[in-house]
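Asks: One-letter residues, chain by chain:
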Amino acid sequence: MLAFVLTLVLLLGIVIVLAYAERKVAAFMQDRLGPTEAGPYGSLQSVLDVLKLLQKEDIVPAAADKSLFKLAPILIFAAVFAGFAVIPFTPDLVPAGIGIGVFYLLAIISLDVVGLLMAGWGSNNKYAMLGAMRSVAQIVSYEIPAGLAILSVVMICQSLDFQEISYQQGALMNQFPGLEYEINWLFGLEALGINTTTIGGITTWNIFRAPMLLVAFVIYFIASLAESNRAPFDIPEAESELVAGFHVEYSGFRFAVLFLAEYSMMVLVCLVAVILFLGSWNTPLPNIGPVSLAYWTTGTVGSVSGILWGGFWLLSKTFVLLFLQLQIRWTYPRLRVDQLMHLCWKVLTPIALGVVLIAGIWRLLMI
Amino acid sequence: MYCVKMNMEQKAIKHKSGFWDVVKSLLSGLSLTWRHFRNAKNRRTPEYVSDENYFKQPEGLVTLTYPYEALPVPDNGRYRLHNEIEDCIVCDLCAKICPVNCIAIESIKVTEDIGVTSDGTKKRLYAPVFNIDMAKCCYCGLCTTVCPTDCLTMTPVYDFAEIDIRNMIYHFSDLTPEQAKEKQLLYEKQQEEMAAAKAAALAAKKQG
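These protein sequence lines are chains A and B, in that order.
According to this note's numbering, the first sequence is numbered sequentially starting from 1.
According to this note's numbering, the second sequence is numbered sequentially starting from 1.
Only chain B is shown next, with the shape it has when bound in the complex:
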């Protein structure tokens, strides 16, 4: 059996190595490249993967001239982080869970009522600093899962390369440094007043 198989294989090789077989295979090679050259007038279109044409473009040029045209990404794509600071309660959970420490948050306690987030949680802290270093980010998405108010999300924006790496740090705080200082002073003043009031009350209690 084995011997027969061997013979068949040898026969097959011999069959394909004759002069005309070689010519035929050379010509079929040329016709292949010629077919691709002729089909070069067709180009694939930048369609979303769910489009019925997506897998039906086997011929023509496959390149998309990227900055001018691009394949769409899903609406729930998980690329650049975005923080909706209006809805943020500055709980610091995202910074704590981040495995690469790319989120830096500082907080100042509020001295008056500054309203609620869109899901009704009361806001008790200002965020003078809310920086996300996208150059460090590993896109694990843990910060978005722990966020209690769903203010930190991942967006479908993926092309945000920068010339200067410092521009990769995104500042989400809505307070200017001056405002932050002012809020800080307000808070300290309130604390002092409270301490003074407390001391006064204590003194009054001792006397009384």
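So that you can see chain A by itself, here it is in the shape it has in the complex:
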């Protein structure tokens, strides 16, 4: 219960910061100023937006399917929020450390699609319906390359536990129960004979431990943009043609929940990308001989320093990815439906299958 409340508060905080950052980054990239009036540099703008939304009337269209319409936002947010349960925030802090976390995450995220379809169908609005259909088609399609990219990580790490995958990517690996005698080789190749187990840092991140995972990371990142309905894959919400897609009929608190779910999805996919590919809560600084930068910037597991360093590295890497998502949104134009499906089925899926194959072979070279 405590984990629930803490995760919710943390998530709300990140989403508020993200919503503000989105407006400021967008403004700066377009040579504008962005919000300036609410608080210093407009920093209270998103707080005010939330307060405004909470005061608005909760409108349910007369012809809507009322029970579906009312339930959809809650289901969408619950599906996304449930995904945070298995995210390891620090070396010893996981809301729910279950052994099949990766599988659970993929499964629970897919529930999001049901909520989107409920919202689109329940609204009894052609734009909402079209938006929901596109959204579902897109998310279901892009789950395949994303799933394959994650599968290659799972094959390299031989684990479905996010915390175990995290430990494998740092100098603390041998402290995890079950990994006491594991060894990390440079690029994962035992033949090179360079032991990086105690060097840690960036050399043990998954994208270095198994270089083909860099390709998997790019595939996953592109697919995750599509899964969170972000530009350039925002045809489900195309403001200029579908008004706003599946949430066009929502107002007030329900809209706030949908908004929150959307930004939570962004945060979640970035957290997963960081944990699976970019070393999770591990420091990027390696131990170099007597200069043990990795240990200095990791802290002690179980103490406050470990929690602070772990949270710091995880969140800062996540924010770098989130910034990249924002920058991509304000750089690239929207893809057409056919281009979207072309990219997914003819480009990303075959490459992801190839990566899975190479990952399987690479794993044999690692042991």
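To be clear, the hints were calculated from the coordinates, so they are not data collected in a lab.
Just so you know, not all the hints are guaranteed correct.
Said to hold, decoys possible - List of simulated lysine to any residue pairs, SDA-like, C-alpha gap at most 20 angstroms:
(1) A:Lys126 / A:Ala244
(2) B:Lys41 / B:Pro58
(3) B:Lys123 / B:Thr144
(4) B:Lys24 / A:Gln327
(5) B:Lys41 / B:Lys56
(6) B:Lys41 / A:Leu33
(7) B:Lys41 / A:Ala21
(8) B:Lys24 / A:Leu214
(9) B:Lys123 / B:Val146
(10) B:Lys24 / A:Leu324
(11) B:Lys96 / B:Ile169
(12) B:Lys96 / B:Tyr170
(13) B:Lys24 / A:Thr331
(14) A:Lys346 / B:Phe19
(15) B:Lys24 / A:Leu343
Once you've looked at the hints, dock chain B against the given chain A.
Replies: Just chain B, lined up with the frame of chain A:
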């Protein structure tokens, strides 16, 4: 010739659609937005158009936070009208030329000498009403060109929006309604006296 050109064009398109060309163009897009993001620490300064820096600020944020800062307008900007009532001879020319009838003037003849305007013209009329409805004004400036004493001018003030549209009517008269009434009575009394004097003179002439 045409055929060769066609081939060249097709070649050019093919050249730009390879995988690495696409990656390169995607990265150049990202670098463009990143450059603008980095330059966001610079802001353009509110300088007058004749300033040498005016056209030399191609980078950075272009927005000015208007009520706090604004680009200066020329000193001879032609925006809000202003009437210097001290110099006005209430000739009504401005009201007559106005194409949108936004100027309303009433006049009362003076009974004594009330001085001259700054350019030496004798003032013979009071203006109990001199209203300009800036909500109707079309800023053509005709009233300022016909004004014989140059008392009606356009000023560089352009931000004078009002919540209540009645506040857009500017009252330039320097007489209060009471004073205007008093002047009116004075004038009527003088007219009566003159009429009486005239009648008396006429009667005296008839008798004589």
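Asks: Just to be careful, I want the Cα atoms of Lys346 (chain A) and Phe19 (chain B) compared with a cutoff of 20 angstroms; is the pair within it?
Replies: Distance ~14 angstroms between Lys346 (chain A) and Phe19 (chain B) Cα, so the pair holds.
Asks: Going straight from one Cα to the other, do Lys123 (chain B) and Val146 (chain B) come out at no more than 20 angstroms?
Replies: Since the Cα atoms of Lys123 (chain B) and Val146 (chain B) sit roughly 17 angstroms apart, the hinted pair holds (cutoff 20 angstroms).
Asks: Need the status of pair Lys24 (chain B), Leu324 (chain A): alpha-carbon distance at most 20 angstroms?
Replies: OK: Lys24 (chain B) and Leu324 (chain A) at ~17 angstroms, within 20 angstroms.
Asks: Can you confirm whether the C-alpha distance between Lys123 (chain B) and Thr144 (chain B) stays at or below 20 angstroms?
Replies: holds (19 angstroms)
Asks: Keeping to a limit of 20 angstroms between CA atoms, is the pair of Lys41 (chain B) and Ala21 (chain A) held or broken?
Replies: Distance of about 15 angstroms is within 20 angstroms: holds.
Asks: For the pair we were handed, Lys24 (chain B) and Leu343 (chain A), check the Cα-Cα distance against 20 angstroms.
Replies: Holds, at roughly 17 angstroms.
Asks: Sort out whether Tyr170 (chain B) lies within 20 angstroms of Lys96 (chain B), counting only the CA atoms.
Replies: holds (18 angstroms)
Asks: Within a Cα-Cα threshold of 20 angstroms, do Lys41 (chain B) and Leu33 (chain A) meet the stated pairing?
Replies: holds (10 angstroms)
Asks: Against the 20 angstroms threshold, does the CA-CA distance of Lys41 (chain B) and Pro58 (chain B) hold or violate the hint?
Replies: holds (13 angstroms)
Asks: Mind checking the alpha carbons of Lys96 (chain B) and Ile169 (chain B) for me, to see if they're no more than 20 angstroms apart?
Replies: holds (18 angstroms)
Asks: Regarding the pair Lys24 (chain B) and Thr331 (chain A), is the alpha-carbon distance no greater than 20 angstroms?
Replies: Measuring from Cα to Cα gives roughly 14 angstroms; hence the hint holds.
Asks: Regarding the pair Lys126 (chain A) and Ala244 (chain A), is the alpha-carbon distance no greater than 20 angstroms?
Replies: Within the cut-off at roughly 12 angstroms; holds.
Going through the hint list in order, the structure satisfies each hint without exception.
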